[in-house]
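Go ahead and model the full structure; you've got the sequences and the hints to work with.
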Amino acid sequence: MSTQSTRTLVSPRAVSRREAAPTETARKTEYDRRVKLFNRICLGVLIGFALLWLLPIAWALDTALKPNAETTQVTWAIDNPTLGAFARVFTETDMLSWYAASFITSALTALVTVVTGSMAAFALSRMKFRYKNVAFWFILIGIMIPGQVLIVPQFREFDAVNMLNTFWAVVLPQAPTAIAVFIFKQFFDGLPRELDDAAKVEGASGMRIYRTIAMPLSRPAVAAVGIFTFVHTWNNLLWPLLVLSNPKLMTVPVGLATVQGNFGIRYADTMATALLGALPLVAVYLLFQRHIVRGIAGTGLKG
Amino acid sequence: MTTATPTRTAPVRNVSRTGSPDESPRAAAWMLAPFVILYVLFIIGPAIYGLLLSLFDTSLVRGGLGSFAGLGNYQEALASNDFWSSLWHTLWFTILTTPPLIVLAFVFALLADRVGRARWFFRLAFFAPFVIPSAVVALIWIWLYTPGLGLIEAGLGWFGITAPNWLGDPAWAMPSLAITTIWWTLGFNFVLYLAGLQDIPHELYEAASVDGAGPWQQIRSITIPLLGRTTTLVAVLQVIASLKVFDQMYIMTAGGPNFATRSILQYVYDEGFTNFRVGYASAVSTLFFVVILVVSVIWFAIVRKQEKVA
Amino acid sequence: MRNEPIRPVGRRAFLRGAAGLAGLGAAGALSGCGSGSTLAGLSVSHRQEGSLDYWNLFGGGDGVRMVDMEDGFRKSFPNVGLNAVTLAWGNPYYTKLSLATLGQKPPDVAVAHLTRMKTLVAAGLVEELDPAELETAGMSADKFSSRPWQAGLVDGKIYALPLDTHPFVMFYNKDVCKKAGLLDGDTLAPMDSPEAFTEALSKAKKATGAVGGCIAVTNETATPWRFFQSAYSQLGGKVLADEGKRVVFDDDKALEVLAMMQSLSKKQLVPGSLDYEGSIATFANGDAGFLFQGEWEIATFQTAKMPFSMTTFPNIYGGADGYAVQADSHTLIIPKQPDNDPARRRSALEFIKSMLDQSKTWAEGGHVPAWQPFADSDAYRSMTPQSNYAAAADAAVYDPEGWYSGSGSNFEIVVGSSIGAVVAGQLEPKAALRQMHTKLGVLARTAQPT
Numbered sequence: 001m002s003t004q005s006t007r008t009l010v011s012p013r014a015v016s017r018r019e020a021a022p023t024e025t026a027r028k029t030e031y032d033r034r035v036k037l038f039n040r041i042c043l044g045v046l047i048g049f050a051l052l053w054l055l056p057i058a059w060a061l062d063t064a065l066k067p068n069a070e071t072t073q074v075t076w077a078i079d080n081p082t083l084g085a086f087a088r089v090f091t092e093t094d095m096l097s098w099y100a101a102s103f104i105t106s107a108l109t110a111l112v113t114v115v116t117g118s119m120a121a122f123a124l125s126r127m128k129f130r131y132k133n134v135a136f137w138f139i140l141i142g143i144m145i146p147g148q149v150l151i152v153p154q155f156r157e158f159d160a161v162n163m164l165n166t167f168w169a170v171v172l173p174q175a176p177t178a179i180a181v182f183i184f185k186q187f188f189d190g191l192p193r194e195l196d197d198a199a200k201v202e203g204a205s206g207m208r209i210y211r212t213i214a215m216p217l218s219r220p221a222v223a224a225v226g227i228f229t230f231v232h233t234w235n236n237l238l239w240p241l242l243v244l245s246n247p248k249l250m251t252v253p254v255g256l257a258t259v260q261g262n263f264g265i266r267y268a269d270t271m272a273t274a275l276l277g278a279l280p281l282v283a284v285y286l287l288f289q290r291h292i293v294r295g296i297a298g299t300g301l302k303g
Numbered sequence: 001m002t003t004a005t006p007t008r009t010a011p012v013r014n015v016s017r018t019g020s021p022d023e024s025p026r027a028a029a030w031m032l033a034p035f036v037i038l039y040v041l042f043i044i045g046p047a048i049y050g051l052l053l054s055l056f057d058t059s060l061v062r063g064g065l066g067s068f069a070g071l072g073n074y075q076e077a078l079a080s081n082d083f084w085s086s087l088w089h090t091l092w093f094t095i096l097t098t099p100p101l102i103v104l105a106f107v108f109a110l111l112a113d114r115v116g117r118a119r120w121f122f123r124l125a126f127f128a129p130f131v132i133p134s135a136v137v138a139l140i141w142i143w144l145y146t147p148g149l150g151l152i153e154a155g156l157g158w159f160g161i162t163a164p165n166w167l168g169d170p171a172w173a174m175p176s177l178a179i180t181t182i183w184w185t186l187g188f189n190f191v192l193y194l195a196g197l198q199d200i201p202h203e204l205y206e207a208a209s210v211d212g213a214g215p216w217q218q219i220r221s222i223t224i225p226l227l228g229r230t231t232t233l234v235a236v237l238q239v240i241a242s243l244k245v246f247d248q249m250y251i252m253t254a255g256g257p258n259f260a261t262r263s264i265l266q267y268v269y270d271e272g273f274t275n276f277r278v279g280y281a282s283a284v285s286t287l288f289f290v291v292i293l294v295v296s297v298i299w300f301a302i303v304r305k306q307e308k309v310a
Numbered sequence: 001m002r003n004e005p006i007r008p009v010g011r012r013a014f015l016r017g018a019a020g021l022a023g024l025g026a027a028g029a030l031s032g033c034g035s036g037s038t039l040a041g042l043s044v045s046h047r048q049e050g051s052l053d054y055w056n057l058f059g060g061g062d063g064v065r066m067v068d069m070e071d072g073f074r075k076s077f078p079n080v081g082l083n084a085v086t087l088a089w090g091n092p093y094y095t096k097l098s099l100a101t102l103g104q105k106p107p108d109v110a111v112a113h114l115t116r117m118k119t120l121v122a123a124g125l126v127e128e129l130d131p132a133e134l135e136t137a138g139m140s141a142d143k144f145s146s147r148p149w150q151a152g153l154v155d156g157k158i159y160a161l162p163l164d165t166h167p168f169v170m171f172y173n174k175d176v177c178k179k180a181g182l183l184d185g186d187t188l189a190p191m192d193s194p195e196a197f198t199e200a201l202s203k204a205k206k207a208t209g210a211v212g213g214c215i216a217v218t219n220e221t222a223t224p225w226r227f228f229q230s231a232y233s234q235l236g237g238k239v240l241a242d243e244g245k246r247v248v249f250d251d252d253k254a255l256e257v258l259a260m261m262q263s264l265s266k267k268q269l270v271p272g273s274l275d276y277e278g279s280i281a282t283f284a285n286g287d288a289g290f291l292f293q294g295e296w297e298i299a300t301f302q303t304a305k306m307p308f309s310m311t312t313f314p315n316i317y318g319g320a321d322g323y324a325v326q327a328d329s330h331t332l333i334i335p336k337q338p339d340n341d342p343a344r345r346r347s348a349l350e351f352i353k354s355m356l357d358q359s360k361t362w363a364e365g366g367h368v369p370a371w372q373p374f375a376d377s378d379a380y381r382s383m384t385p386q387s388n389y390a391a392a393a394d395a396a397v398y399d400p401e402g403w404y405s406g407s408g409s410n411f412e413i414v415v416g417s418s419i420g421a422v423v424a425g426q427l428e429p430k431a432a433l434r435q436m437h438t439k440l441g442v443l444a445r446t447a448q449p450t
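Same order as they appear, the protein sequences are chains P, E and H. Quick note, in our numbering, the first sequence goes up one by one and the last residue is 303. Quick note, in our numbering, the second sequence goes up one by one and the last residue is 310. Quick note, in our numbering, the third sequence goes up one by one and the last residue is 450.
Because the hints were derived from the structure by calculation, they are not lab data. One or more hints might be untrue.
Quick list of in silico lysine-lysine cross-link-like pairs, DSSO-like style, CA-CA up to 30 Å [to be verified]:
#1 H:Lys-157 - H:Lys-360
#2 H:Lys-157 - H:Lys-430
#3 E:Lys-305 - P:Lys-132
#4 H:Lys-143 - H:Lys-266
#5 E:Lys-308 - P:Lys-132
#6 H:Lys-336 - H:Lys-353
Bear in mind the structure is a predicted one, so any value in this text is a computation, not a measurement.
This is the structure in structure tokens:
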């Protein structure tokens, strides 16, 4: 997709909407009224849908606050509110281990992805070497290969070197993401070259320019790639499901997906587990909302 | 995207465009190495290894490649009902999810753009589910769908509608998974559309309203055509994401009832890791990869065409 | 790709975000330290001393009873930190167990169906058990029912200790059977020929005014298979040979059984379109005289407080010495251990022994105990209706051997769906048999992956 700048278009619009022309005619006011009514209907419909979208989570919370025995009544009323279900999650599941496993694997993956991806991107964007074209296309192939089609050979690989049931088995195959290289490359391509040219004249090496000029200017790209890799690794189910089979080492999604039996039909406990499983990422979302949204809009990153 | 052409001569003069005169090729190699090593070890290597495995009757629990099968695994897959039915389930899921995920996301983004107010709230409502792990989504929706105790059944009953046995009825299981998925991932497309809407110059609407065009006409004649590219992007990302579905089925129905919701990825999982048939599972993976590749190629073709038109 | 929208972020926003992430990190790391072994995921680690990992797949009533038994073990062995994990039933369970064992992190003890255990053994994922060692642990061969014990041997070697046998049985509604004149005191009239069997069902149908008996066939493959396998084995028929490499249907016998099954639905003695839940509900409502299902449904009807009893699946074809009935057993196995730690192994055997000692709790759920000290006791003999069908365990026919066979396997799905279609009237017996030949042929020719 080609470039289309949004920056200049963000605010003027809201302003111009208010400045309806001062020369009023009857037709114009009638038109404005219609527009206003239309906007009001829009708002109503949208609020309706937004509430519908919040409903499942609200219901999960409602259920989790009831005692298990009272979850068989389909009612929003909570007669005996209790936090017992949340407490039981920590005593009866390995939720804390799962948090730790998810955090360690996601943070490590994000770190490795950002560091290796940006370095490679810098070489492709700013450095001069033979076979650059080859390197470029070689990495581009990676965008075409979805990780899901590699689960079988990757599993054999980690089995062969006895590294199943380690966090490295989760991290390493998820860290080299070709798309991250291209996001960084695009970003570096957009940075003014005058800066590093000046540094080069002073004899700075490529690595030095990367560290002292390119990376500090690329915080938005680092944030987008880092947060996305973090969230994506955290939420991945299929691969960790294969390589982590010890309940103590499982990530949150794997733990939730495999160790269901513990609670059986204790719905309040199940909902409390689900909500606590979602909590860290909701926190990440609230903290990094703007980066996440901008990252999606800018790059179309998706799982 | 720009790519430099390889060149042997060290261009001393043209510092301003390409690079420093004394920069050695080794420096670039060092910068590329960490990524390329991981990439070769964990992406390209396994991809080639997977192709190799697909030609053998390799077992998960025995060492070595096993006996050579030639194209036997591919023949078996193409003749297998299970392969085709799980491929069909994946396509059926894609068909059920893609149109609503595009249309609803577009409508919600359009409404949110018009309303202008409280955008953070709508973004929270629609987008927050997207960051939640699939397993959490699954647990919540299993509870919503539970026969006799589920909120949805009760809600429909309130309107006098008898709810089906959502996840238990083979005819309803896939639509139920689709509904869950729409709730889960709509926010992503919503954000993409919202960004696309902000790209549309407001002067166009101004001009249209001077001509007396109502809101609906404006949407039809300005918004929809100008969002063409966003829609292509949304559609392709959506189709590819839907084709890769695994989590929802694995947790919510385990591919059932009676295999009615087994996706192609779960088929790979079942054959490779339950039946230990690594060679065959690799062949199925390769066939699945071809399907994804075809979709990607179609996308590139469409984007090319759009860019020529634009 | 679009170039622009990533705009530089203010330093403050970025720092705030980074601080938040660091906070999360601290929490994660702390909890990691708290749980000890989580950080071990970064290295190839050793297991905790004095702990015992046990995996099972029991949900519902079985799950509740299993938890009771685990608590029983904790009481007897307070020094062993028992870590019991219940995983989702069926294929996902066996997959997880296989992957954990391949990945060098197996549980110390696991439950496995006898018919699935064979595949695990073939894959080299199960520890062999030594008779002398079992003797020392108080679990010698003579303490187990001979049928599940013999069936569980692989090439004469011991890999699994059977906890129970769970045969296909016949539930009957006492009120309906009395009304139909099928009850003589407490004993049910014998149904030892196809005619007598059909006769009994039609009498029951008259009594209920609805249906005679229930067989789940819609979206259900195990039940039709179990019914067929019971009757077909009474005729002496076999399905697979050479560990699944050959399909050896006796066509005449198979057709006879299939025709009998279809005649039941054609005469409307058995509905042709009941799913599992539907068959349970129909019987629980008193709309059927009989239900053919596994004994584990006992708890459902006890809860429903209905006048039911249970007995062995009828001997339709077997005559005097040919009785046979489809069954499987839950066994306890020690998955292949990466470190041969004798202390862990001893502890694992103690755990298994403790489970067997609590066979009474387990038998309440309907399963026929394999542990002779209990199975031979008055306590079990006085347990009704459980002891009514105890004899079924001795006539148990397990699913044929083959890498693709066993409870919930591809085999049961392939065969069960064809048989179900016969009862539903969608396939004629001959067509169904052809279909089974073809589909099983494909599996039989497939190179064995274990």
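Hints and how they fare:
1. H:Lys-157 - H:Lys-360: It holds: about 28 Å lies between the C-alpha atoms, which stays within 30 Å.
2. H:Lys-157 - H:Lys-430: violated (40 Å)
3. E:Lys-305 - P:Lys-132: holds (28 Å)
4. H:Lys-143 - H:Lys-266: Not satisfied, since the Cα-Cα distance of roughly 47 Å exceeds 30 Å.
5. E:Lys-308 - P:Lys-132: At roughly 28 Å apart (the allowed maximum being 30 Å), P:Lys-132 and E:Lys-308 satisfy the hint.
6. H:Lys-336 - H:Lys-353: With a Cα-Cα distance of about 19 Å, the restraint between H:Lys-336 and H:Lys-353 holds, given a limit of 30 Å.
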